[in-house]
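My request is simple: use the sequences and hints to build the entire structure.
Under full-length UniProt numbering, the first residue of the sequence shown is numbered 1, with each subsequent residue one higher.
One should not assume that every hint holds.
[Said to hold, decoys possible] Straight-line alpha carbon distances no greater than 20 angstroms define the calculated EDC-like cross-link-like pairs of lysine to aspartate or glutamate that follow:
no.	residue 1	residue 2
1	176	117
2	58	34
3	176	54
4	58	117
[Unchecked claim] Distance ranges between label pairs, derived from CB positions:
no.	residue 1	residue 2	range
5	237	83	58 to 66 angstroms
6	22	340	31 to 39 angstroms
7	197	75	20 to 28 angstroms
8	237	38	36 to 44 angstroms
9	267	234	40 to 48 angstroms
10	222	81	48 to 56 angstroms
11	25	336	36 to 44 angstroms
12	53	96	32 to 40 angstroms
13	314	96	50 to 58 angstroms
14	42	286	33 to 41 angstroms
In case anyone wonders, no lab produced these hints; they're calculated from the structure.
Idealized CB from N, CA, C, for every residue including glycine.
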Amino acid sequence: MNPYILAILLFGLGLGTTITFASSHWLLAWMGLEMNTLAIIPLMAQHHHPRAVEATTKYFLTQATAAATLLFASITNAWLTGQWEIQQITHPLPSTMITLALALKIGLAPLHAWLPEVLQGLDLTTGLILSTWQKLAPFALILQIQPSNSTLLIILGLTSTLIGGWGGLNQTQLRKILAYSSIAHLGWMILVLQFSPSITLLTLLTYFIMTFSTFLVFKLNKSTNINTLATSWTKAPALTALTPLILLSLGGLPPLTGFMPKWLILQELTKQGLAPAATLAALSALLSLYFYLRLSYTMTLTISPNNLTGTTPWRLPSTQLTYPLAASTAMTICLLPLTPAISALLTS
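In structure tokens, the structure reads:
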């Protein structure tokens with residue numbers, strides 16, 4: 001892609017998210033979300049592959065549906081209450097509709113079906129943008145409206161954690177596994193949103209760091225399915241040794257960074273008297289952990305000759321920058337001891 005066009009599209013992505021962040025009026029927020037969607041579409045379809053075009057079409061239709069619902073709900077709210085302010089959503093009908101529209105935008109279950117399909121059709125770089133940056137603007141709106149329907153949020157959260165765990169169990173494609181991982185993590189964030197928005201933001205940040213590391217590892221290895229992971233030790237032995245730690249951090253195992261948000265969320269849910277929801281979320285984390293363990297096993301414990309049908313790739317020098325991967329990997333593995341400091345920041 002022409003670097004000037006790429007720069008304009010990335011600027012459009014940044015501007016769309018910034019407009020949504022800065023807006024207090026529903027029309028401006030909707031405009032920011034639309035800019036976001038329109039800026040990423042050329043990035044998705046840049047390879048002119050039928051699979052990429054299909055994924056782009058699915059993404060466009062889904063996002064257009066969510067944006068239309070959001071606009072309809074905000075107009076309904078203005079009609080019922082005379083308010084266009086984002087934080088003045090008082091009527092339950094527009095509040096519920098907006099929550100569901102934003103859930104469709106970020107891919108929360110049961111409105112998640114588009115996410116694995118779309119992510120599977122994209123290259124890893126665009127997939128990374130879709131899994132991280134594109135979640136920011138809708139999340140800013142969800143945090144601002146603080147939906148009054150708390151039962152809806154808990155149902156969305158628990159459904160997402162369960163479906164995110166179950167859906168990934170049977171997958172062999174890494175991008176689909178990462179999509180289900182995304183759904184499960186979003187479920188954890190939504191679950192605690194109404195009780196502690198600061199913990200939600202912390203979870204979102206740690207999810208971004210861990211997902212960034214995982215995508216960069218797969219990009220360095222040029223891996224898109226489990227079988228190609230088995231031969232990654234010939235390319236980058238040190239990175240292959242560290243990758244299981246990144247994956248287990250995504251799964252939320254101590255003493256890795258990914259354990260921190262899960263720990264704080266379970267603690268907060270228990271404080272709020274939602275022990276059954278906390279138990280169900282913790283059990284659903286085991287489902288996710290299974291497929292992360294499966295990836296770790298394939299990478300580190302199946303050394304050639306093995307029973308996986310993978311051909312050893314050429315060991316060509318990588319052109320990818322390794323500093324971002326090194327920094328994000330260090331953060332993905334080592335941040336748990338800072339939990340007391342982070343907790344103090346959250347509560348202050």
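Checked hints:
1. The hinted pair formed by residue 176 and residue 117 meets the criterion: a straight-line CA distance of about 7 angstroms does not exceed 20 angstroms.
2. Of the pairs offered as hints, the one joining residue 58 and residue 34 holds, with about 15 angstroms between alpha carbons and a cut-off of 20 angstroms not exceeded.
3. Proposed proximity of residue 176 and residue 54 is supported: the alpha carbons are some 15 angstroms apart, at most 20 angstroms.
4. The hinted pair formed by residue 58 and residue 117 meets the criterion: a straight-line CA distance of about 8 angstroms does not exceed 20 angstroms.
5. Taking the beta carbon of each, residue 237 and residue 83 are about 59 angstroms apart, inside 58 to 66 angstroms as hinted.
6. Restraint check, residue 22 to residue 340: a C-beta distance of roughly 33 angstroms satisfies the suggested window 31 to 39 angstroms.
7. Separation of residue 197 from residue 75 is about 27 angstroms and conforms to the stated range, judged on CB atoms against 20 to 28 angstroms.
8. Remark: the range hint 36 to 44 angstroms for residue 237 to residue 38 is upheld by a beta-carbon distance near 43 angstroms.
9. Roughly 43 angstroms separates the CB atoms of residue 267 and residue 234, a value that falls within the hinted 40 to 48 angstroms.
10. Separation of residue 222 from residue 81 is about 53 angstroms and conforms to the stated range, judged on CB atoms against 48 to 56 angstroms.
11. Here the CB-CB span from residue 25 to residue 336 is close to 41 angstroms, well matched to the stated 36 to 44 angstroms.
12. A beta carbon spacing of about 34 angstroms between residue 53 and residue 96 agrees with the range 32 to 40 angstroms that was offered as a hint.
13. Checked against the hint of 50 to 58 angstroms, the pair residue 314 and residue 96 passes, with Cβ atoms roughly 54 angstroms apart.
14. Our hint of 33 to 41 angstroms for residue 42 and residue 286 holds, since their Cβ atoms are close to 40 angstroms apart.
The structure shown violates none of the earlier numbered hints.
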